[in-house]
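Enquirer: Here's the letter readout for the chains.
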Amino acid sequence: MRTVIKHRLFWPVAMLILLIVINTVARSQFASITIRDGRLYGALIDILRQSAPLMLVALGMTIVIATRGIDLSVGAVMAVSGAVALTIIDGSTDPNQLGVVVLAVVVAILVSLLLGVWNGFLVSVLGIQPIIATLVLMLAGRGVALLITEGFITTVNSTPFEYISTGYLLLLPFAFFIWVAAVAAVGLIERRSALGVLTEAVGINPEASRLAGVRSRGIIWSAYAASAILSGVAGLIYASNIKAADANAAGQFIELYAILAVVVGGTSLMGGKFSIAGTVVGVLIIQTLESSILFLGVSPAQSPVFFALVVVLVVIIQSPTLHRYARRLTRSARQASEHASDLEPTG
Amino acid sequence: MTTVEKAAEVRGQASGPYRVFMSRRASLLPTLTAVAILILLFIGAEIFLRGDFITPRNISALLLDNAYLLILAVGMTFVIMTGGIDLSVGSVMAFTGIWLASLLEAGTSLAIAIPAVMVGGALVGLLIGILVQFFDVQPFIASLAGLFLARGLAYVVSLNSILVENDAVLSLQSTRFQIGDWYITPTGILALVVTLIGTYVMQYTRFGRTTYAIGGNPQASLMGLKVARTTVSVYVISGVCGGLAGLVLTAYSGAGYPRNGIGTELDVIAAVVIGGTVLTGGRGYVLGSMVGVFVYGTIKTIISFMGAEQSWMQIIIGALLLLFIVVQRAIVARSVRRT
Amino acid sequence: MALSADTSDRRIVEMRGITISFPGVLALDSVDFFLRPGEVHSLMGENGAGKSTLIKALTGVYPIDSGTIDVSGTSRIFRSTFEAEAAGISTVYQEINLCTNLSVGENVMLGHEPHKGGRIDWKAVHRLASEHLEGLGISIDTRSMLSNHSIAIQQLVAISRAMVLDAKVLILDEPTSSLDRGEVEQLFAVIRDLRDKGAAILFVSHFLDQVYEIADRITVLRNGKLVGEYLVKDLPREDLVTKMIGRVLKEFEAIASTVAREIDRTETPVMKATDVGRRGVLEPADLDVYEGEIVGIAGLLGSGRTELVRLLYGADRADSGHIEVGGAPAKMTSPRQAIDRHIAFSSEDRRAEGIVADLTVAENILLGIQARKGFRKIRREKQESVVSEYLEALDVRPADPDMVAGNLSGGNQQKVLIARWLATAPELLILDEPTRGIDVGTKADLQRKVAELSEQGLSVIFISSELEEVLRLAQRIVVMRDRKRIGELESSTVKLDGLIDFIANEGKGSAA
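Residue numbers (the numbering used here), protein chains in the order written: chain A, 1 to 347; chain B, 1 to 339; chain C, 1 to 512.
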């Protein structure tokens with residue numbers, strides 16, 4: 001039991017289960033899943049579908065945070081990616097042609113990669129603090145996206161493109177498969193190879209890693225590139241969902257929610273040890289919380305209050321101060337009992 | 001001391017004004033660069049727009065339009081000086097602004113409403129400060145919580161904008177003290193007063209110097225300085241500045257609106273950095289942040305004069321930010337290498 | 001010597017039964033310590049004995065687990081340096097604690113700035129700062145940034161800072177580590193003056209000469225335990241050394257005999273560096289190491305010893321000279337270049353540049369070979385065999401591969417680091433201060449291991465602040481001073497006094 005509680009995923013998973021239980025008790029239809037036309041429907045399925053963009057962004061953020069960095073530009077990259085894809089589709093003669101959509105997707109992801117390489121360059125070569133380095137793109141990226149769409153919200157009607165976010169594959173939403181595939185790919189690359197542990201080493205102690213011969217520059221660079229690619233895909237899903245490229249609204253605040261998901265999932269912002277499973281749980285918690293807040297009849301605009309409380313709670317639980325305090329309490333309790341037993345023979 | 005170093009000391013002492021300046025005031029360089037850029041912007045715009053730019057009206061408007069930004073930048077300078085960051089400022093401004101509007105709508109007197117919203121801003125700052133200082137939460141995350149909280153509270157107060165009909169508040173904006181074509185509004189005066197107080201506190205009080213010390217040496221508590229109290233205070237100051245900015249913005253727009261100030265924290269941080277304050281803390285000036293705000297405001301004005309896309313604003317500010325970061329990095333690296 | 005303190009045993013500070021533990025170490029174990037007004041009291045012990053921890057316990061930096069502290073007769077537990085200062089205890093900690101982003105004058109006066117009309121009187125700040133600095137014999141532009149000044153000046157600024165407070169108790173933890181003779185004299189004059197005015201001064205230094213010159217009384221700590229308190233006149237040096245290091249002396253003699261052998265210097269050297277230097281950091285220096293040889297580098301902190309080996313390893317880039325490894329020219333522009341040529345380097349700063357604290361012991365040991373191998377993971381069986389081999393060979397305690405490395409004691413962390421490097425099968429191992437801050441037993445373990453390895457043919461460059469250690473281990477000693485190589489000695493031909501004299505005077509006009 002102790003080892004279960006001590007496991008780093010215990011609290012996040014417990015929280016997710018608690019949220020699901022509360023929701024199920026409060027509204028019975030929450031857990032119900034129906035099949036129509038060979039497709040599953042229900043609140044839980046919606047959560048799986050809607051979490052796709054945040055999941056992808058948070059996944060990339062996890063890797064970046066593991067290197068002791070942070071990527072504030074994810075929302076801007078989403079905006080650029082969506083703008084690039086929709087501009088290509090919009091400019092083509094037949095938006096419904098699969099080839100056009102594939103081209104648009106590939107180009108959008110390549111552009112995202114380019115942005116990630118830029119971030120990685122600032123951080124790993126120029127040695128600029130990650131918060132600042134990615135702040136540059138966070139500010140300028142949306143401007144670039146607006147330039148691409150020429151200041152308009154580009155809308156398209158393209159069936160293959162819409163499939164990305166609203167399509168179904170084997171009972172479940174296609175978007176769900178995208179994030180599962182991304183999680184599996186990142187998980188395999190990080191944990192089956194030594195990349196994961198080397199990333200952690202770089203995140204925990206960059207100088208020691210450098211002296212040990214770890215190619216930290218490449219590792220950090222690739223983390224930002226991966227984050228940007230994942231954000232690019234997230235941007236495509238977002239654009240597909242609203243059938244439009246909205247350079248201002250796409251991915252707004254997503255960096256904050258992604259960071260929150262990573263932290264809730266038990267990865268420390270100080271870098272180092274990271275947990276992909278934790279991030280997955282973190283994203284699901286946020287998405288479920290969002291759905292619960294909506295159900296409570298709270299305006300979605302007011303939901304940040306709840307997230308603020310979650311952040312405060314989580315950081316206080318993770319806080320070393322609290323742990324030190326708890327240790328001291330248990331120690332003095334132990335000393336007190338030892339003291340008592342010392343006194344017994346004489347007293 | 002070693003002979004090599006001694007020789008270096010002697011060299012340092014015996015040299016001319018350039019070296020004395022570099023040994024005393026190298027940290028002024030980024031701010032001076034910002035001043036130079038501001039002047040270049042003015043001259044460039046004047047030439048480009050054929051003499052239509054440097055006018056009393058434009059320059060007066062610069063202060064008026066950016067008063068809230070300046071107030072936020074002063075608060076942010078305190079936070080960044082300690083090596084922290086405060087992402088909550090835009091939300092706090094929105095929250096205090098809409099709350100003020102709602103209090104006034106309900107007929108609360110100004111004497112109660114204004115102190116109330118200041119305390120509201122201060123409390124958000126206090127929360128952030130406590131998380132940072134006593135729970136070892138990174139400033140980025142702690143202030144992120146503050147951002148969420150204040151933004152949510154703004155919507156809790158009202159989902160829609162609330163018009164302000166209080167004459168006293170509106171007069172903060174509409175009153176113009178004029179000298180020829182030059183004018184200044186009470187909001188502008190307020191922003192300047194905040195800047196002056198900020199400068200005074202930073203340069204002439206022990207509290208201000210402690211913020212520099214914390215930014216320069218995270219172990220400053222070993223120097224017997226009141227680190228905990230100072231760290232919490234800078235976030236409270238930033239919160240109060242958020243409250244003041246809420247008041248100014250409400251006066252400026254004649255209404256409280258819960259969507260105000262989304263992304264403003266980034267503009268503020270950009271302005272502070274452009275003004276020469278180093279994001280790792282310990283180096284910078286409140287007056288530098290004022291220059292940074294003016295650079296920001298001038299670029300905005302130029303872009304609107306040229307009728308260019310708003311998107312260029314973001315790209316130019318991003319590029320400027322990058323430029324300043326690289327310059328600062330070079331300066332910091334230089335001083336680190338010398339120790 | 002003013003021994004007026006002996007007659008009345010008034011105590012201004014009484015610490016009793018002080019115990020402090022950190023994860024994995026008992027740093028102080030029920031230690032008693034007393035300070036009397038009008039005395040200079042020296043706290044002695046090897047690195048890691050608990051001196052700095054005891055000081056920080058007194059000034060409230062570390063909370064104590066148990067024990068009592070009385071200051072001027074009342075029980076006090078400080079929660080911060082600020083509170084300690086308010087109670088009249090002024091401290092200069094071992095690590096120079098100043099703000100390099102502020103001016104010299106402000107650093108001296110920070111927290112005690114004179115005010116005029118509700119604002120800091122900057123003129124007075126700089127005037128007072130100059131006065132305090134001149135008290136220590138330095139006159140510099142107090143308005144210049146601290147970052148422009150050398151470590152020695154910074155150390156003097158830190159000391160001046162402590163003088164600003166008119167303290168009843170002045171604590172100086174290794175205040176002289178980068179000062180030259182004249183500066184030390186000046187400091188001692190000030191200390192004597194304060195003592196005669198009735199202040200209690202706690203003086204920590206690893207320079208025995210200085211301790212015997214200035215101290216009235218000595219308290220010895222070993223491995224976090226109190227050995228005893230003595231009057232200086234009752235404690236000859238030999239006794240002090242024995243008390244500091246304990247019974248391990250014999251073991252050290254055995255190590256010395258292991259390394260006492262002839263090195264064949266006719267073959268191609270394992271590494272030969274010629275004129276390697278970097279502007280502002282190190283003047284061009286030569287160094288060669290032969291197979292199975294241990295070359296020691298002796299010199300004070302800041303003498304350029306660390307800088308030299310960092311250039312040799314490619315941790316920093318040299319801007320002059322060339323290096324040959326095994327006879328072939330080698331460009332050392334990054335650590336990887338060195339690693340590829342079978343050179344390993346263990347940094348002096350174990351925590352910041354060595355151990356990866358949150359990873360496990362096994363992951364730390366494997367980091368070196370994994371980094372060389374790239375992203376392909378080492379097979380599990382290979383991992384386990386390597387880890388268990390080195391845990392045993394270096395006697396890491398506890399020998400738990402899954403323990404988080406940050407929770408090991410300093411000595412065991414050092415062993416893990418050496419294991420990391422040995423696992424890469426190096427031909428040349430560079431050890432920069434490998435024994436700093438670890439207990440004497442582990443220190444002996446490490447030295448024995450290094451001696452054994454060199455016997456098997458490994459070449460070693462060994463740096464230590466403890467000259468005895470360098471003399472004991474190395475066959476040849478390169479001496480550095482002022483960022484310059486000043487000479488080379490065969491260790492069989494020189495004794496400790498000779499080495500100290502060489503470091504201090506060789507090449508100076510005043511030598512002879």
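Everything labelled a hint here was simulated from the structure, so no lab data went into it.
Don't take every hint at face value.
[What the hints assert, rightly or not] Footprint (simulated), chain B over chain C, 3 or more residues, beta carbon under 8 Å: (1) 64-75; (2) 132-145.
[Unchecked claim] Only part of the chain B face toward chain A is listed, based on derived beta-carbon distances under 10 Å: (3) 40; (4) 146; (5) 149; (6) 159; (7) 161; (8) 317.
Ideal Cβ placement from N, Cα and C applies to all residues, glycine included.
Enquirer: Next step is simple, just say for each hint if it's right about the structure.
Expert: Checked hints:
{"no.": "1", "hint": "64-75", "in the structure": "violated (count 0)"}
{"no.": "2", "hint": "132-145", "in the structure": "holds (count 5)"}
{"no.": "3", "hint": "40", "in the structure": "violated, 20 Å"}
{"no.": "4", "hint": "146", "in the structure": "holds, 7 Å"}
{"no.": "5", "hint": "149", "in the structure": "holds, 4 Å"}
{"no.": "6", "hint": "159", "in the structure": "holds, 6 Å"}
{"no.": "7", "hint": "161", "in the structure": "violated, 13 Å"}
{"no.": "8", "hint": "317", "in the structure": "holds, 6 Å"}
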